[in-house]
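Asker: Listed below are the residues making up each chain.
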Amino acid sequence: MPSFTEHLGFHASALQLRSRRNEMLASNIANAATPNFKARDLDFDTELKRINKIGNIQTTNNSHFASIQKRIGKDSVFRLPIHPSLDGNTVEMAVEQMQFSENVMRYQTTLSFLNNKISGLRSAIKGE
Amino acid sequence: MSDIKNIFDISGRAMSAQLTRLNTVASNLANANNVSGSIDKAYKAIKPVFETKFADSLRQSGLASVDAVQIKEVNRLPEKVYMPEHPQANEEGFIFNAAVNVEEELVEMLEASRQYQNNIEVVSTLRNLMMRTINMGK
Chain A
1 MPSFTEHLGF
11 HASALQLRSR
21 RNEMLASNIA
31 NAATPNFKAR
41 DLDFDTELKR
51 INKIGNIQTT
61 NNSHFASIQK
71 RIGKDSVFRL
81 PIHPSLDGNT
91 VEMAVEQMQF
101 SENVMRYQTT
111 LSFLNNKISG
121 LRSAIKGE
Chain B
1 MSDIKNIFDI
11 SGRAMSAQLT
21 RLNTVASNLA
31 NANNVSGSID
41 KAYKAIKPVF
51 ETKFADSLRQ
61 SGLASVDAVQ
71 IKEVNRLPEK
81 VYMPEHPQAN
91 EEGFIFNAAV
101 NVEEELVEML
111 EASRQYQNNI
121 EVVSTLRNLM
131 MRTINMGK
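Those protein sequence lines, which keep their order, are chains A and B. Using my numbering, the first residue of the first sequence is number 1, and each one after it goes up by one. Using my numbering, the first residue of the second sequence is number 1, and each one after it goes up by one.
In isolation and in its complexed conformation, chain B is listed as follows (with noise of 0.2 angstroms):
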C-alpha cells in the first residue's frame, strides 16, 4: 500500500473503511432472517476489523488513516428453534436462524454513515482552503 502523503489518502482511506463497514452491514441484514438446517451452515454476522495506518514520515507529519484489515464472524451461536414440518429442519426437527442482531446493525450502519459523512466534510473543508490558497495574492 502507497504510502500517506495528504489529506485525501487520509480521508479517502478512513471512507473505504467505512464503506467496508457499510457493506458487511448490508450482508447482514440481508441474510438476517435466512434458516439453516446446521448449525454450521447458519449464517453469522460479519464485521471488518479497523486498524490504523500511520504514514511513513509519521515522526514529521503525525499523519494516521484507517484500514479495515480483516472481516472476522461474530463469535455468536445461531438460534436453535424447534419446528419439525420445516422443510430445511434436520433429523431432530431444529432449524437454525441466522446469529444477527437487527437493532445493533442498523445502529452500526448509522454510526458508519456518518462517520462516511464526517469524512467527506473534512475532505470538502479542506480543499475549499486548499483552492484559496492556490488563489493567494490574486
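Extracted from the complex, chain A is given alone in its bound form (with noise of 0.2 angstroms):
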C-alpha cells in the first residue's frame, strides 16, 4: 500500500524545485545592477528528473558504465544572454521577469495539483 509520502510524492519535490527556483530568479533580480553578475537558473526538468530517479539511466553499481547523457550537476546553469551588455552583467530584467511569473503560475498550479490530492485523501479517509 503506498504511503502518504509516496501519494504526494511528484508534486512535493515539484514545489520544492520551483521554491528554489523563485529564490534563484529572485536572486537575478536583485544583482540587476551589479556590474559582472552572471544570472543563474535551475534546469526544472532535469532536476525533476534526477530528484524522482526517472528519466536518463542510473548507474547502481562502480562497475557499471555510466550512461552516455552527461549530468549538468547539482548545480545550476548560467543563462545565456540575448543582448550581452557591457559590464558583463547577464541579467536581463524582461527575461527575469518573465520566468519569474511563469514560475510563480506553475508554484500555484503545483500547489493545486497538491491541495486536490490532500482533500481527496481526507475525503477517502471519512468516508464521504
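I should point out that these hints are in silico values taken from the structure, not numbers from a laboratory. Model, not experiment: these values are computed from the prediction. Treat each hint with caution, since some may be false.
[Claimed, not checked] Below are the PhoX-like pairs computed for lysine-lysine, each with C-alpha atoms no more than 25 angstroms apart in a straight line:
{"id": "1", "chain 1": "A", "residue 1": "Lys38", "chain 2": "B", "residue 2": "Lys47"}
{"id": "2", "chain 1": "B", "residue 1": "Lys80", "chain 2": "B", "residue 2": "Lys47"}
{"id": "3", "chain 1": "B", "residue 1": "Lys138", "chain 2": "A", "residue 2": "Lys126"}
{"id": "4", "chain 1": "B", "residue 1": "Lys72", "chain 2": "A", "residue 2": "Lys38"}
{"id": "5", "chain 1": "A", "residue 1": "Lys117", "chain 2": "B", "residue 2": "Lys138"}
Put the two chains together into one complex, using the hints given.
Answerer: Laid out in C-alpha cells, this is it:
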C-alpha cells in the first residue's frame, strides 16, 4: 500500500524545486545592477528527473558504464544573455520577470494539485 | 554580515543597496549647483559600488544578493568658470561648479527606483505564495 509521501511524492518535490527556482530568480533580479554578475537558473526538467530518479539511466554499481548523457550536476546553470551588456552583467530584466511570473504560476498550479490530492485523501478517510 | 538564507535576505539587501544608490543621487542633486573657490573643495558626484554577495551555501542554494560595498567619487573635473565678481572666486577670478551631471543623476534615480520596486514586487509575490503554502490542505 503506498504511503502518503508516495501519494504526494512527485508534486511535493516539484513544489520544492519551484520554490528554489523562485529564490534563484529573485537573486538574479536583486543583482540586476551589479557589474559582472552572471544570471543563474535551474534546469527544472533535469532536476525533477534527477530527484525522482526517472529519465536518464542510473548506474547503481561502480563497475557499470556511466550513462551517455552527461548530467549538468546538482548546481545551477548560467543563463545565456540575448543582448550582452558592457558591464558583464547577464541579467535581463524582461527575461527574468517573465521567468519569474511563469514560475510563480507553475508553483500555484503544483500547490493546487497538492491541495486536491490532500482533499481527496481526506474524503477517502472520512468515507464521504 | 549574516548569511543569505531566504528571499527576505536577498531582496532586503538588494533594496538597501538600491536605497544607498538613491541617497547618493539625492546628495548629488542637492549639491548640483554648488560653487566653490578651489578645485579641491568643489563637490564631486558620488556613486555606490555594487558587489554580489553570495550565500555561504551557494553550491546548494544558488542564492546571491547584493551589497553596496563602498561609495566612490566620480573621476570628473569640476567646471572652471571665469567670474571675478563672484564672492567665492579665487585670486585669478575663477569659480568651480560642482562636477554633477543632472541628467545622468535623474536617469540613475529612475533606474534605482524601478529596481527597488522590482524587489518589492518579488517579495510580495513570494510572500503570498508562502501564505498559500501554509494554508495547504485546509
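Asker: For every hint, state whether the structure bears it out.
Answerer: Evaluated hints:
Pair hint A/Lys38 plus B/Lys47 holds up; C-alpha atoms about 22 angstroms apart against a cutoff of 25 angstroms. Between B/Lys80 and B/Lys47, the direct Cα distance comes to roughly 22 angstroms. Compliance with the 25 angstroms bound is thereby established for this hinted pair. At most 25 angstroms may separate the alpha-carbon atoms for a hinted pair to count; B/Lys138 and A/Lys126 meet this at roughly 15 angstroms. The straight-line distance between the Cα atoms of B/Lys72 and A/Lys38 is roughly 24 angstroms, inside the 25 angstroms bound, and the hint therefore holds.
Annotation: proposed proximity of A/Lys117 to B/Lys138 holds, straight-line Cα distance about 12 angstroms (limit 25 angstroms).
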